[in-house]
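Listed here are the chains, written in short residue letters.
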Amino acid sequence: MGELTRREILKAFLGMAALQTISCDRKATLPEGKLVDLTLLEQGHRIRDGLQIEPTKRQPVSVVIVGCGVAGLVAGWTLRQAGFEDFLLLELDSTVGGTARSGRNSFISYPWGAHYVPVPRKENADLIEFLQQIGVVEGKDETGEPIVAEQYLCRDPEERVFYKGHWYEGLYLSVAASQEDLAEWNRFHQEIDYWVEWRDARGRRAFDIPLENSSDDPEVTKLDRISMREYLAHKGFKSARLLWYIEYGCRDDYGLKLDTTSAWAGLFYFASRMKRAGEDAQQLMAWPAGNGYLVDRLYSKVSDKVWLNSAAVTIIPTEAYVDIDVLRDGREAIGLRAQRAIFAAPQFLRKYVLRTPVEQRFLEAFEYGSWMVANLTLRDRPYSLGFPLAWDNVLYESPSLGYVVATHQALMDYGPTVFTYYYPVIEDNPRQARQKMLSIGWQEWVEIVLADLKRAHRNIAQLTERIDVMRWGHAMILPRPGFIWSKERQLAKQPIGRVHFAASDLSGVALFEEAFYQGRRAAREVLVALGIV
Amino acid sequence: MNRPYVLFLNVLIIATCGLIYELLAGTVASYVLGDSVTHFSLVIGLYLSALGVGSWLSKYIEAGLASKFVEVELGVALLGGFSAPALFFAFAHLKYFQVVLFLLVFAVGVLVGLEIPLLMRILKDDLEFKDLISKILSFDYLGALFASILFPIVLVPRLGLIRTSLLFGLLNALVGLWATYLLEPRIGGVILLRLRAGLVIVLLVIGLIKANSLTSLAEEQFYIDNIIYARTTPYQRIVVTQGKNSFSLFLNEHLQFSSADEYRYHEALVHPAIAVHGSPSRVMILGGGDGLALREVLKYSSVKEVVLVDLDPGMTSLSAKLPLLAKLNGDAYSDPRVRVVNQDAMIWLEQANDGRFDIAIVDFPDPSSFSLGKLYTTRFYKLLKARLTDNAAVAVQATSPLFARTAYWCIVRTLEAAGFFVRPYQTAVPSFGVWGFVLGKLQPFDIPTSLQLELKYLDEETLKTMFVFPRDMQAVEVEVNRLDNQILVRYYESEWRKWEN
Ligand SMILES: Cc1cc2nc3c(=O)[nH]c(=O)nc-3n(C[C@H](O)[C@H](O)[C@H](O)COP(=O)(O)OP(=O)(O)OC[C@H]3O[C@@H](n4cnc5c(N)ncnc54)[C@H](O)[C@@H]3O)c2cc1C
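Chains as they are written, first to last, in numbering that gives the first Met the number 0: chain A, 0 to 532; chain B, 0 to 500.
Possibly wrong hints are sitting among the right ones.
[Claimed, not checked] With a cut-off of at most 25 Å between alpha-carbon atoms, the simulated DMTMM-like pairs for lysine to aspartate or glutamate come out as follows: (1) Lys121/A x Asp483/B; (2) Lys256/A x Glu211/A; (3) Lys274/A x Glu478/B; (4) Lys209/B x Asp379/A; (5) Lys384/B x Asp140/A; (6) Lys381/B x Asp140/A; (7) Lys381/B x Glu157/A; (8) Lys384/B x Glu137/A; (9) Lys497/B x Asp471/B; (10) Lys139/A x Asp471/B; (11) Lys497/B x Glu168/A; (12) Lys381/B x Glu168/A; (13) Lys381/B x Glu128/A; (14) Lys381/B x Glu149/A; (15) Lys381/B x Glu211/A; (16) Lys139/A x Glu478/B; (17) Lys139/A x Asp483/B; (18) Lys440/B x Glu149/A.
These are calculated hints, taken from the structure and not from any lab test.
This one's a predicted model, so the numbers in the text were calculated from it and none came from an experiment.
Make a model of the complete structure from these sequences and hints.
The following block contains the structure:
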């Protein structure tokens, strides 16, 4: 990289401030590492570019599930739970988990995407049942709320934020907050409390998980027509640190800014995670592998049914069956003929894979954000000033989201560790964001990551032994204004002939709970259609 | 200035340096070995006799007096300059510290003994004999006076022993270099000699720089007593200090024990648990790398195996090898019943499949950080429970119920919340203050009333009184400490902060 372009790249991704810390130090040697997204990208492109295969014969199987992300695995497990065994799961990649997958090195597992789930409220019985089965939930308290095993709750300290050379406890920057700041902070919580307590005529909450259970009363759904920024401005919120805090939530959960997040989605983030007004938000559950832990447990329930390296290239629903052409290991063409299929991959892929006369152009409404995730293997904990290392470590002045520490939940407090660093590439136009992210390769991303973290950890580069980089082109569905309560989202959930749809993007927010819900819903649809339940 | 007079200034410096080395050796010895009278008088005697040996040997030096003189200077600079670091090193790593001490004192003495006779012979033609001898000797004794005043008043308190030693070595080497100019006409191969002097100076300067990374001046000020061992392991800073009659161990600046009264603490920690069990065979000690709880445990012949789990190999090996510590823990680490595991105790409890234990002695540093706080959580105690036999007893060090009352009761309640039946107790350990422990079992139990052994501190009367809590230490309302709230670290921090101000 030439000096000029290097500076330009750092400026484009980190802003002017970062240039000051890096300008005079050119690190001669970069750590080891590689891009881990190349095969995935290539597979995706082959399908997009209209790959055609011609299997010679067709194997019969009752149900085929396409995609082994959380939604697909949950769908498979749901079938099995119902005593139904004649099904297959296809996964184009060599590992399962999709955006909730994890990696592992010699001493610890670490996430490649999703890394936490808030403790479900008692109403989410399906999810609680699963968590109980795998030992994450140990029982119920006297009010019926689930009790999560201590080791799976995020260990204190959960978060810290770096601001002007110093780390502080918590995510909200409370140091030197003015009276007005604190007053707005309280008022914002009252605002959330209002929505937490709000019920419609049928007793439904304004914001619930799964999202499907939320009220469709216009008082709430109209919030989907404006942006979070408009909502906050309308309510008179001005405190810079409050707005930063709320925007951090939007960036973290959706990869959007205040201007581009639907106010409905923005409030959903806060209000769906609380039982009652005035209480703390639901605690977080976290694992070294992130949600990869849950993926592994789900996978163990259906692994005998999973075909890895097996891409569904075409899906053709007909009156009597559904044909699926599978490319296995990049060369073998296999035909499947199923009674039903569950498409548990994101909706944007439908136009390449699903051959149907049904008009699917409405799927253009599904837009996705781009995320770069880097896993840094460190020889030792880096220097840091102020509040000690937490699970989630956020840089106030950075466009990144900071990093989570894989060893935190493994109770490993000394020596080597892995930091998982998140950078949502946000542009008004999601396509541009994707191009921007993919326009630079491993080395450039490594320089960005190190320059960003160096502001808080002066010796980070010396301690980093390895950085692997994942560029998620379609990381998360974007709940921009109008999408959650759109016709398009409703339509997309409808089965097309014998094909049912399951991925989390159908919910409009990229959450484990939603993937779980959608996978289960689709599997139940299939069980009903097959006359099993 | 007249050349001979400048040389007398040399004598003054040399003499000061010589005495400084002697004082250093005596002080280091009395620091690390404690017994100051014996070691001081041995060091002085040996040093003076070595001076004699040096003087006597001087007659064997025939030619090249001036360059020999410079070489001797450089030798003294190196040996004397590095004497204190070398002695500390020997103390920490070698069994036979005294041998090194006496050899070093003797060698420095011999070299210093050579200096004056050589100088006198060099100057014999410049001055009348009576003048020469009166001047040299008076500067020599004046130097001794300087040293003896500077040493206790300025050098030790301001610089510490290691820096003093290196600094005077440097001074010595500079005198050597200076002498190559003063005596230039009489020296052959002067360039080479200056190069050697330069090398010695560089070495000593490096030593001075390194000395700061060993212990900083600020750190030395922090401790009331003298630091005799200091090391930063990947896990913590270990410092051993020596006072008049006792020595102390500090981890990250927190006092772990003082040899004067640690027996009170360790007897209170270990024996009540063993008493309620009766005859334990397998014992685990979590933390306690100093080996002192181990010493108490090993007193029981029923004990067949002790697994000691301490995070820091730097700590356990120090306790096994530092003669001072090994003596205090009765060489506990060489007992064949002992097995050491260097791992985070919580991860060990989670992972190791090491059977069940009759006794668990839980002796961690106070919960002053989140990584220590996790060792006092319900999760930790539940993991511990899974490793115990039905009749097992545990004893947990639980900070001070007086200074950190909430923190203490938080530990008690957390053990209860994890399913232990508990008996809180406390005792006085002067160097700590009032100290608290918790005895726990998996079923309800009565407090122990009898002891199997005769001990230094505990007897049956005292044992009973430990379970009585005066009013200012009685239970308070607390939350239970969990991994996801780490409330104990917050209690502890706020309470100790009050006392520190
Ligand atoms: C960086 C990042 C961080 C996140 N953090 C969180 C978090 O902290 N908490 C949280 O709850 N959620 C988080 N999410 C969102 C979370 O990952 C998703 O909500 C959820 O895991 C999505 O599951 P899914 O099954 O719907 O889809 P995906 O994970 O997208 O799974 C789809 C699967 O289908 C496969 N596939 C696609 N096409 C084909 C084909 N033609 N043939 C065969 N297989 C195919 C894919 O390879 C993939 O494995 C995060 C997402 C990202 C990207």
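Do the hints match the structure? See the list:
In summary, the hint linking Lys121/A to Asp483/B is supported, as the alpha carbons are separated by about 20 Å, within the 25 Å threshold. Only pairs whose Cα atoms come within 25 Å are accepted, and Lys256/A paired with Glu211/A is accepted, the gap being roughly 24 Å. Between Lys274/A and Glu478/B, the direct Cα distance comes to roughly 22 Å. Compliance with the 25 Å bound is thereby established for this hinted pair. As the CA atoms of Lys209/B and Asp379/A are separated by approximately 23 Å, the hinted pair is consistent with the 25 Å bound.
For the hint pairing Lys384/B with Asp140/A, the CA-to-CA distance comes to about 23 Å; that is within 25 Å, so the pair holds. A distance of roughly 19 Å separates the Cα atoms of Lys381/B and Asp140/A; the hinted pair therefore holds under the 25 Å criterion. As the CA atoms of Lys381/B and Glu157/A are separated by approximately 22 Å, the hinted pair is consistent with the 25 Å bound. Straight-line distance between C-alpha atoms of Lys384/B and Glu137/A comes to about 17 Å, which keeps the hinted pair within the 25 Å bound.
With a C-alpha separation of about 16 Å, the suggested pair Lys497/B and Asp471/B falls inside the 25 Å cut-off, and the hint holds. For the hint linking Lys139/A to Asp471/B, the alpha-carbon distance of about 38 Å lies beyond 25 Å, and the restraint is violated. Restraint check for Lys497/B and Glu168/A: the C-alpha separation of about 21 Å stays at or below 25 Å, so the hint holds. With a C-alpha separation of about 28 Å, the suggested pairing of Lys381/B with Glu168/A is violated against the 25 Å cut-off.
A C-alpha spacing of about 24 Å is found between Lys381/B and Glu128/A, which places the hinted pair at or below 25 Å, so the restraint holds. Annotation: proposed proximity of Lys381/B to Glu149/A holds, straight-line Cα distance about 10 Å (limit 25 Å). Of the pairs offered as hints, the one joining Lys381/B and Glu211/A is violated, with about 39 Å between alpha carbons and a cut-off of 25 Å exceeded. Only pairs whose Cα atoms come within 25 Å are accepted, and Lys139/A paired with Glu478/B is accepted, the gap being roughly 20 Å.
For a cut-off of 25 Å, the pair hint linking Lys139/A to Asp483/B stands: about 18 Å separates their Cα positions. For the suggested pair Lys440/B and Glu149/A, the alpha carbons sit about 22 Å apart, so the restraint of at most 25 Å is met.
Checked against the numbered hints given earlier, the structure breaks hints 10, 12 and 15 and satisfies all the rest.
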